[in-house]
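Trainee: Sequence:
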Amino acid sequence: MGGCAGSRRRRLSDSEGEETVPEPRPPLLDHQGAHWKNAVGFWLLGLCNNFSYVVMLSAAHDILSHERTSGNQSHVDPGPAPIPHNSSSRFDCNSVSTAAVLLADILPTLVIKLLAPLGLHLLPYSPRVLVSGICAAGSFVLVAFSHSVGTSLCGVVLASISSGLGEVTFLSLTAFYPRAVISWWSSGTGGAGLLGALSYLGLTQAGLSPQQTLLSMLGIPALLLASYFLLLTSPEAQDPGGEEEAESSARQPLIRTEAPESKPGSSSSLSLRERWTVFKVRMMAGFELLFFRNTSLSHAQQYRWYQMLYQAGVFASRSSLRCCHIRFTWALALLQCLNLAFLLADVWFGFLPSIYFVFLIILYEGLLGGAAYVNTFHNIALETSDEHREFAMAATCISDTLGISLSGLLALPLHDFLCQLS
Numbered sequence: 174m175g176g177c178a179g180s181r182r183r184r185l186s187d188s189e190g191e192e193t194v195p196e197p198r199p200p201l202l203d204h205q206g207a208h209w210k211n212a213v214g215f216w217l218l219g220l221c222n223n224f225s226y227v228v229m230l231s232a233a234h235d236i237l238s239h240e241r242t243s244g245n246q247s248h249v250d251p252g253p254a255p256i257p258h259n260s261s262s263r264f265d266c267n268s269v270s271t272a273a274v275l276l277a278d279i280l281p282t283l284v285i286k287l288l289a290p291l292g293l294h295l296l297p298y299s300p301r302v303l304v305s306g307i308c309a310a311g312s313f314v315l316v317a318f319s320h321s322v323g324t325s326l327c328g329v330v331l332a333s334i335s336s337g338l339g340e341v342t343f344l345s346l347t348a349f350y351p352r353a354v355i356s357w358w359s360s361g362t363g364g365a366g367l368l369g370a371l372s373y374l375g376l377t378q379a380g381l382s383p384q385q386t387l388l389s390m391l392g393i394p395a396l397l398l399a400s401y402f403l404l405l406t407s408p409e410a411q412d413p414g415g416e417e418e419a420e421s422s423a424r425q426p427l428i429r430t431e432a433p434e435s436k437p438g439s440s441s442s443l444s445l446r447e448r449w450t451v452f453k454v455r456m457m458a459g460f461e462l463l464f465f466r467n468t469s470l471s472h473a474q475q476y477r478w479y480q481m482l483y484q485a486g487v488f489a490s491r492s493s494l495r496c497c498h499i500r501f502t503w504a505l506a507l508l509q510c511l512n513l514a515f516l517l518a519d520v521w522f523g524f525l526p527s528i529y530f531v532f533l534i535i536l537y538e539g540l541l542g543g544a545a546y547v548n549t550f551h552n553i554a555l556e557t558s559d560e561h562r563e564f565a566m567a568a569t570c571i572s573d574t575l576g577i578s579l580s581g582l583l584a585l586p587l588h589d590f591l592c593q594l595s
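For the sequence shown, the residue numbers in our numbering are 174 to 595.
Don't read these hints as lab results, they were simulated from the structure.
A couple of the hints might just be wrong.
[What the hints assert, rightly or not] Derived CB-CB ranges, DEER-like:
#, residue 1, residue 2, range
1, C496, F318, 41 to 47 Å
2, A399, Q205, 18 to 24 Å
3, G323, T468, 29 to 35 Å
4, F515, L594, 16 to 22 Å
5, D559, G523, 51 to 57 Å
6, C327, L579, 20 to 26 Å
Quick reminder that beta carbons are idealized off the backbone N, C-alpha and C, glycines included.
Turn these sequences into a full structure, and let the hints steer you where they fit.
Mentor: Take a look at the structure:
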């Protein structure tokens, strides 16, 4: 590891720091180089952190179908539609909803975010990143070699631990860098959605088994570790006067007893609007019920296309902050609720004649979700004080996770009810 990683450990760890001699202000060229290294670093961190989470969602239908070849390797036939699991239902249902995978992929993240304020601040950043990378690699290996749905779900839980721990860690870390890194982080997480879903779809369509596909992705956790330890510069390279602030902030708990202060011109209504925006019900848990028989795509392939299109929309909108800044993010949440109602109506009545209409709606939903995410965190960065920004970033993550968890919990009984319909 380079000197940057060692410097960051000294200043962002929670051990008692020693006084150091102030370093001279870096030249302009060094400052610009550090800016781009951090921009690329946070983009890669966002990409790698969310990659395993997205892949597990894309593989949800395969995990629950759990078809096996004679060699005990997971196998998905890329050809015509397989025999339905429940031929009496027009939805071709698995015995368990893909919402079970969503819950396994999100509940551990929720637990981490809820417990983080109680003691995560006592652990330096570097060990957190190391644990996150190891869990991501373990998730790919465990699901790839699993012989049962239960074991596969344990691998999904590892992916959730990696994603949740990484998100809390890296969003808190942005408090010690220029605000622009939030945009790069958000774009990277959107890229994870697109590349994760697209790579799983493409490799399985090309004939690789899910096992081979998952094992081919083991380089992503290694890239996560390299991006943090080798690419990011120490915070003071961007803000020579911020060393003391970074060191003291890292020792403070994420949730404090006093109320956070706001910048001049902001109001308490901001937090209510932002919480409403990120506390939204996600539609991904019900994708498997949008099943069309009048197409050459199998049910598993339709599900993978839904995931890929949703993540493509998320990536596009999460990367759009420099072009379009949305202040009233509550409107995005309202539009998402209307989308949810429309697609639930289609699941019930089946009035859409072609799967391509659903493709467009899901792409649109991804655009809304990505825009809500990046603009929410950008607004928080602009309208909270420097002292409380780390707390605000970490705390706001919880609302997003609660929304996804709620959607998974609601989807389980909804799946069972609809699958009983003839």
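Trainee: So, for every hint listed, does it hold in this structure?
Mentor: Taking the hints in turn, this is what the structure says about them:
no., hint, result
1, C496 - F318: 41 to 47 Å, "holds, 44 Å"
2, A399 - Q205: 18 to 24 Å, "holds, 22 Å"
3, G323 - T468: 29 to 35 Å, "holds, 32 Å"
4, F515 - L594: 16 to 22 Å, "holds, 19 Å"
5, D559 - G523: 51 to 57 Å, "holds, 53 Å"
6, C327 - L579: 20 to 26 Å, "holds, 23 Å"
In this structure, none of the earlier numbered hints is contradicted; all agree with it.
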